[in-house]
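K.L.:
Protein chains in written order, with numbering that gives the first Met the number 0: chain F, 0 to 259; chain Z, 0 to 99.
Derived by calculation from the structure, the hints in this document are not laboratory data. Note that the structure is a prediction, hence the values are computed from the model and not measured. Among these hints, one or two may not hold up.
Said to hold, decoys possible - On the chain F side, residues computed to face chain Z include the following (Cβ under 8 angstroms):
1. A124
2. I151
3. G235
All C-beta atoms, glycine included, are put in the ideal place defined by N, C-alpha and C.
One-letter residues, chain by chain:
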Amino acid sequence: MIDAQYLLSDADVARFIAQGYYLVEPALPEGLNEEIANRLDELEENPGDAITEAVPELRQVLDHPTVRGVLVSLLGAGYEVQSHRHWHCKQPGSGHMQWHQDSTNSRDVRIDRFLGLFYPREVTADMGPTVIVPGTQFRNAPTDRMATYTNIRGQVPLVVKAGTVAFTHYDIWHGTAANRSSAKRHMIKFLFRRTAPSEGPTWNHDPASLNRPTNWNQKDGAEDVNNILTFLNPLGVSQSDHYKERAIRRRCWDQLMGKG
Amino acid sequence: MEQSNLRSQGPARQRLLYLHARTPSVFSDILGLTRVEPVAGFRAEISAQVQDWPYSTVHDAVVDGWQVVQFPQHQAPFDDCELDLVGYEFILQKMEVIEE
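From just these sequences and the hints, can you work out the full model?
P.N.:
Here is the structure:
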């Protein structure tokens with residue numbers, strides 16, 4: 000069981016569905032981030048999936064209630080931390096990485112798996128941050144066809160404090176900026192998965208929230224599920240695309256509510 | 000005099016501008032921008048800095064002298080449920096003598 004204070008709200012869940020990411024800054028033990036970053040600095044080769052054996056302190060991040068609260072909220076109490084994980088070290092002087100979606104173009108609009116990106120060291124804009132494009136997680140776009148995009152309005156560089164975990168939808172468009180600093184930019188990627196279909200909300204759900212009428216005055220500024228799912232348009236895409244997004248978001252929400 | 004200067008700097012080269020607009024209209028807002036300069040070693044790259052684009056629409060770029068060389072394809076198949084790429088791609092060029 001996890002204390003309800005760590006679970007997401009209805010609005011948090013709706014924003015994750017619409018934007019495809021959610022950031023947390025767990026209150027990790029003092030010195031842990033530095034210890035992890037220093038150990039990563041000293042690694043001479045990439046241990047691949049064995050990164051948690053090479054740096055066992057990472058398990059404290061996975062076990063932190065703030066992290067677990069997000070996972071329980073979105074994947075249920077039986078969520079699985081998959082064996083695949085990876086240390087991404089962006090070396091000083093390395094160039095940018097082109098936009099891409101991971102894996103092949105068999106996209107899943109259900110929230111059954113997503114990534115957790117842990118940054119043990121502060122990431123500044125010149126350190127080659129991961130850059131994500133909110134709202135693109137439902138797009139089925141072969142990576143080759145993204146090659147003529149460079150900067151996209153609404154893209155979000157993950158310029159974050161040490162200890163931040165960015166939960167990102169598996170299919171969100173992502174890349175990196177160049178690292179022009181003298182520091183290594185570390186990121187550990189974890190993959191999380193649902194193990195059983197949702198039978199109902201596993202976050203701090205308020206049933207009344209679904210009965211409130213859509214607020215056309217505040218639109219996506221309202222902390223309300225209906226408003227967020229209906230109006231949030233992080234890139235300012237066309238009406239046609241936005242209507243399709245709305246339909247997919249509703250299917251995601253219904254699935255998480257145990258109706259899908 | 001001006002012509003002789005041009006000769007000394009070589010022929011005009013093709014600058015490219017990929018603009019991804021919200022709709023196929025040249026008046027709609029731009030969602031994506033890639034500039035390709037005809038200079039050896041040039042690479043367009045994703046930036047973590049605040050975006051400061053010179054144009055808000057394709058029309059703005061045309062007013063500034065860019066010529067559209069490829070318009071988005073209206074006859075392309077579409078799906079009314081699935082989503083794919085962001086925006087509609089216009090490719091523009093400007094022929095200019097480049098000083099290196």
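K.L.:
Decide, hint by hint, whether the structure agrees.
P.N.:
We went through each hint and held it up to the structure:
Because the smallest distance between the Cβ of A124 of chain F and any Cβ of chain Z comes to about 4 angstroms, under 8 angstroms, the interface hint for this residue holds. Given hint, I151 of chain F at the interface with chain Z, holds; its Cβ is 5 angstroms from that chain's nearest Cβ, closer than 8 angstroms. Residue-level restraint check for G235 of chain F holds (minimum Cβ-Cβ distance to chain Z is 6 angstroms; threshold 8 angstroms).
In summary, the structure agrees with every hint in the numbered list given earlier.
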